[in-house]
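**Q** Single-letter residue listing:
Number of protein chains: 2
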Amino acid sequence: MKIGIIGLGTVGLGVLEILVNESKNLKAKGADIEIKYACDLDHDKVFPNNFDKTTLIKNYETILNDPDVDTIVELIGGDNLAKKIILEAIDKGKNVITANKALIAKHPKEIFSRAIEKDVNLFYEASVGGGIPIIAPLLENLVANNILGIRGIINGTCNYILSEMSHNDLEFDTVLNDAMEKGYAEADPSFDIEGIDAAHKICILASLAFNKTVDVKKILTNGITKIKLSDLKLAESLGYSIKLIAAASQNNNSISISVEPTLVNKKDLLSNVEGVFNAVEVEGDYVGKTLFYGRGAGKEATASAVVADIVKAALKCTYKDRHYFNIEEDAILLGENEFSGKYYVRVGKTFPELEKISYQIEQIAEEYIYFTNTIKLKELKNILGNEEYSLLRIN
Amino acid sequence: MKIGIIGLGTVGLGVLEILVNESKNLKAKGADIEIKYACDLDHDKVFPNNFDKTTLIKNYETILNDPDVDTIVELIGGDNLAKKIILEAIDKGKNVITANKALIAKHPKEIFSRAIEKDVNLFYEASVGGGIPIIAPLLENLVANNILGIRGIINGTCNYILSEMSHNDLEFDTVLNDAMEKGYAEADPSFDIEGIDAAHKICILASLAFNKTVDVKKILTNGITKIKLSDLKLAESLGYSIKLIAAASQNNNSISISVEPTLVNKKDLLSNVEGVFNAVEVEGDYVGKTLFYGRGAGKEATASAVVADIVKAALKCTYKDRHYFNIEEDAILLGENEFSGKYYVRVGKTFPELEKISYQIEQIAEEYIYFTNTIKLKELKNILGNEEYSLLRIN
Numbered sequence: 001m002k003i004g005i006i007g008l009g010t011v012g013l014g015v016l017e018i019l020v021n022e023s024k025n026l027k028a029k030g031a032d033i034e035i036k037y038a039c040d041l042d043h044d045k046v047f048p049n050n051f052d053k054t055t056l057i058k059n060y061e062t063i064l065n066d067p068d069v070d071t072i073v074e075l076i077g078g079d080n081l082a083k084k085i086i087l088e089a090i091d092k093g094k095n096v097i098t099a100n101k102a103l104i105a106k107h108p109k110e111i112f113s114r115a116i117e118k119d120v121n122l123f124y125e126a127s128v129g130g131g132i133p134i135i136a137p138l139l140e141n142l143v144a145n146n147i148l149g150i151r152g153i154i155n156g157t158c159n160y161i162l163s164e165m166s167h168n169d170l171e172f173d174t175v176l177n178d179a180m181e182k183g184y185a186e187a188d189p190s191f192d193i194e195g196i197d198a199a200h201k202i203c204i205l206a207s208l209a210f211n212k213t214v215d216v217k218k219i220l221t222n223g224i225t226k227i228k229l230s231d232l233k234l235a236e237s238l239g240y241s242i243k244l245i246a247a248a249s250q251n252n253n254s255i256s257i258s259v260e261p262t263l264v265n266k267k268d269l270l271s272n273v274e275g276v277f278n279a280v281e282v283e284g285d286y287v288g289k290t291l292f293y294g295r296g297a298g299k300e301a302t303a304s305a306v307v308a309d310i311v312k313a314a315l316k317c318t319y320k321d322r323h324y325f326n327i328e329e330d331a332i333l334l335g336e337n338e339f340s341g342k343y344y345v346r347v348g349k350t351f352p353e354l355e356k357i358s359y360q361i362e363q364i365a366e367e368y369i370y371f372t373n374t375i376k377l378k379e380l381k382n383i384l385g386n387e388e389y390s391l392l393r394i395n
Numbered sequence: 001m002k003i004g005i006i007g008l009g010t011v012g013l014g015v016l017e018i019l020v021n022e023s024k025n026l027k028a029k030g031a032d033i034e035i036k037y038a039c040d041l042d043h044d045k046v047f048p049n050n051f052d053k054t055t056l057i058k059n060y061e062t063i064l065n066d067p068d069v070d071t072i073v074e075l076i077g078g079d080n081l082a083k084k085i086i087l088e089a090i091d092k093g094k095n096v097i098t099a100n101k102a103l104i105a106k107h108p109k110e111i112f113s114r115a116i117e118k119d120v121n122l123f124y125e126a127s128v129g130g131g132i133p134i135i136a137p138l139l140e141n142l143v144a145n146n147i148l149g150i151r152g153i154i155n156g157t158c159n160y161i162l163s164e165m166s167h168n169d170l171e172f173d174t175v176l177n178d179a180m181e182k183g184y185a186e187a188d189p190s191f192d193i194e195g196i197d198a199a200h201k202i203c204i205l206a207s208l209a210f211n212k213t214v215d216v217k218k219i220l221t222n223g224i225t226k227i228k229l230s231d232l233k234l235a236e237s238l239g240y241s242i243k244l245i246a247a248a249s250q251n252n253n254s255i256s257i258s259v260e261p262t263l264v265n266k267k268d269l270l271s272n273v274e275g276v277f278n279a280v281e282v283e284g285d286y287v288g289k290t291l292f293y294g295r296g297a298g299k300e301a302t303a304s305a306v307v308a309d310i311v312k313a314a315l316k317c318t319y320k321d322r323h324y325f326n327i328e329e330d331a332i333l334l335g336e337n338e339f340s341g342k343y344y345v346r347v348g349k350t351f352p353e354l355e356k357i358s359y360q361i362e363q364i365a366e367e368y369i370y371f372t373n374t375i376k377l378k379e380l381k382n383i384l385g386n387e388e389y390s391l392l393r394i395n
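As given, the protein sequences belong to chains A and B, one line each in that order.
Quick note: the first sequence, position 161, residue 161 per the numbering used here, numbers continuous.
Quick note: the second sequence, position 213, residue 213 per the numbering used here, numbers continuous.
Since the list gives no way to pick out one identical chain from another, each pair is judged satisfied if it fits inside one copy or across any two copies.
Subject to a maximum C-alpha distance of 27 angstroms in a straight line, what follows is the list of computed BS3-like cross-link-like pairs (lysine-lysine):
| hint | residue 1 | residue 2 |
| --- | --- | --- |
| 1 | K27 | K299 |
| 2 | K228 | K267 |
| 3 | K45 | K182 |
| 4 | K266 | K228 |
| 5 | K267 | K299 |
| 6 | K267 | K233 |
| 7 | K92 | K2 |
| 8 | K2 | K316 |
| 9 | K24 | K109 |
| 10 | K233 | K266 |
| 11 | K316 | K29 |
No lab work stands behind these hints: they were computed from the structure.
Because the structure is a prediction, the values reported are computed rather than measured.
I would like the entire structure built from these sequences, with the hints used as guidance.
**A** Structure (structure tokens):
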């Protein structure tokens, strides 16, 4: 199989590294993969030894126009040029492997309908959970199950920040700045810390799990920017970790999906997922609870998932249509007004109405922390009005 | 695809249940599966509603002799009759799905060579980790990786016993008897509590991970029968759980595989795997550490994995040869004499020689507990001589 890789950033270089170094192993496993083109505007990079630099090109059109190329590997990210490239590749009958979560989360109908029409393979295992096998196990290994729910830690940057705050007694801003300096967080980290990246990922998982198309814009999305060290310490003293939890569940015909900072009981495996690691818990009606854990990002881990998809395409995988979810049926999402749960509320003044519905109240310096009984989110927000507050779900 | 199920015990009935109840769902996913025969000597069972009892037969030969049957599902267990049936089915060109770990662990050469020759699918996902997707993810999703090591809790009975001892302050015998009464442990539990079942499972995982044939008889195998409540309490006070850990790693060309009761640090995810749950950690050179967790046994969870294999065969999976490991190359296993590590030794008298190599020594009633520095297992056993002792690895 002849492939063209478009985008030689961190993950792209990782994919090159594996394909070059493991070419003999992969061939022994039945996958004879030739990198015909590696495309990037910048050729001034450290390439793996043994990488054939004559395959380097700058114009992706060359790949799209070469009928010899079976499969393109899109690793440029974003959702403009990437979408154009993917649609054009599909039109030309090429398989597409991508790690682009934003693209799949935001434009599944356009992309899937084209891929189904042209009968090509479209795989995107690396788009969720980096190196963790999650999409294929969900679709293939858990195929017997009706999925009841998914719950996970799927943004490594947030988890790293929360872990560092907790282990080193640091405030959010300090850790964020440090992470940005070290390159663990993007120069513009808002995408991660506001929960948007996690929303894209849970959007994909929920769509596959429930076989409906989820509108990513309707997902209840809260980030971790308001979390203080004192929240972590208080939570810890009560037997909880704080994690950014993405969750999706189906009840009758409506689906509730949320990304929320959450108090997770220390006995829960998710509470022990530290640093850049990710974990996804999937509950099926027959299998019960399963959990998939590993590195959610990073050069080699993500490349491991991309290469698995390339191998799958090379082995002429017959699961073609299983990686699409139903684009004919739009998921009915629970709106923010209908969400309810127990909440940890940190706020600068007392609220007699909150006192009534809280099972525990703490005071830290000038702030009050309410642990509410189950309450509708809308009702809670009504009580809090215009006051500034921080909300964490209690799991 | 027309299938014949042989063996309607717990798992067999679970498979029937899923196939009958989810037939429409599975068909929508591309797998049109017809149960042509369900074979068991005992027909006096509670079958799922809507199950067509006219498919019930007592003689498995009917299935083998019917050219209409594409795929047999062997769920009788054991390694005599099961082997005969599987070999005969393969000879007749039928796919084989099985959950039989003993059979795969003990007779891979005979079975695989026949299946390769006849070019049929042979899947056995349910043989390790019950409902947990582990074999397919290892072979398919982690295909890019050279596997460095595997470490897991893969016997639910042992883990249940250890969890119960720890949570309810009970001694081994008490919990074992209770588990036998409740049916959580077999009438003859020695297979589980002596570590033999775990040895079968790690044998399969190691063979697949390292693509060599492992002789199951050469695996260092220790059970949990000597563990006392006081061991668990002492371990807990020092920040450890005690788990029966099956582990395999490759170093140069030799492979070390062991099943040993082990002190696992509380910060390790494996230490938080409780009750009948299983978990397998796989470390790959690119992906790093991944972990797969779920129900390691039980009717519906195991059936979930069996059905996934049936669906895979129904979808005319092209991964055929990927579920075989190399039967031409025998793994060179580290013998017991070469194993080394830190050990927790409980023994009825003091040993000055042990004192010298221990970093911590405790006394409980009449017994002494040594926490040794890294030592060769052989050397340790020499020191202990004929004295009765209990050994736990320290992770």
